[in-house]
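Working from the sequences, and respecting the hints, build out all of it.
Numbered according to my numbering, the sequence shown spans residues 20 to 205.
Zero decoy hints are in this set.
List of simulated lysine to aspartate or glutamate pairs, EDC-like, C-alpha gap at most 20 Å:
| id | residue 1 | residue 2 |
| --- | --- | --- |
| 1 | K87 | D182 |
| 2 | K87 | D129 |
| 3 | K138 | D92 |
| 4 | K75 | D92 |
| 5 | K138 | D182 |
Ranges between beta-carbon positions, derived for each pair:
| id | residue 1 | residue 2 | range |
| --- | --- | --- | --- |
| 6 | T168 | G126 | 34 to 44 Å |
| 7 | T97 | V53 | 46 to 56 Å |
| 8 | A147 | N82 | 33 to 43 Å |
| 9 | T58 | S84 | 51 to 61 Å |
| 10 | T93 | G146 | 21 to 31 Å |
| 11 | A147 | S49 | 43 to 53 Å |
| 12 | S121 | S60 | 44 to 54 Å |
| 13 | G126 | S76 | 21 to 31 Å |
| 14 | T125 | G65 | 32 to 42 Å |
| 15 | S162 | A127 | 54 to 64 Å |
The set of hints was computed from the structure by calculation and includes no laboratory data. Here the structure is a predicted model, which is why all the values come from computation and not from measurement. Backbone N, C-alpha and C fix where the C-beta goes; we use that ideal spot for every residue, glycine too.
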Amino acid sequence: MNKLTKGAIATAAGVILLMGGAGTLASWNSSASVGSTQTISSGSLGVTAGTAGVWKSGSTTINPSTFKVVPGDTLTYTQTFNLAATGDNLLFTVVTTPGTISGATTGAADVALATALTKSATFSISGANIAASTTSGTYKVASNSGTSTVTVVMTVQFPYASDNSSQLGNVTFGAGAVTLTQTQTP
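Structure below.
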């Protein structure tokens, strides 16, 4: 066989191999969309002051600036707050902090009265869209519509067994707080 024939056979074989290789690059394929375009919205958790609070001694409304407290008295301050909570898996806690009590001055009677007084704070929640959860102290959104009210009661007690050092004392009662904190979802 001459060189020209061998070259022609080799060239033909190369062309066949190249065409066969090109054919293996083609394959069938197909695709489809997963899901559809959706909007996802977040919930909310907030608290705002409602009506102004009221100070009372027993069932009598008082003005704490002019009321003269004596040993054995219990004063309460009650205020409502608007609770806004939305979220299908929203769990949260509520913590109330009573206001601070400090002497109006550093005088002995003011310091003695501030030391003698005790304070505490409690709360209650009303509204059909909030419910207690199975975890103690935790609340959950029962319905994403409607409003709820948090009622906070701060109590100041002047124990009866106080001594005379607190007579004519003056104190300042600072603002308390109600705090909502999201907890882990179930």
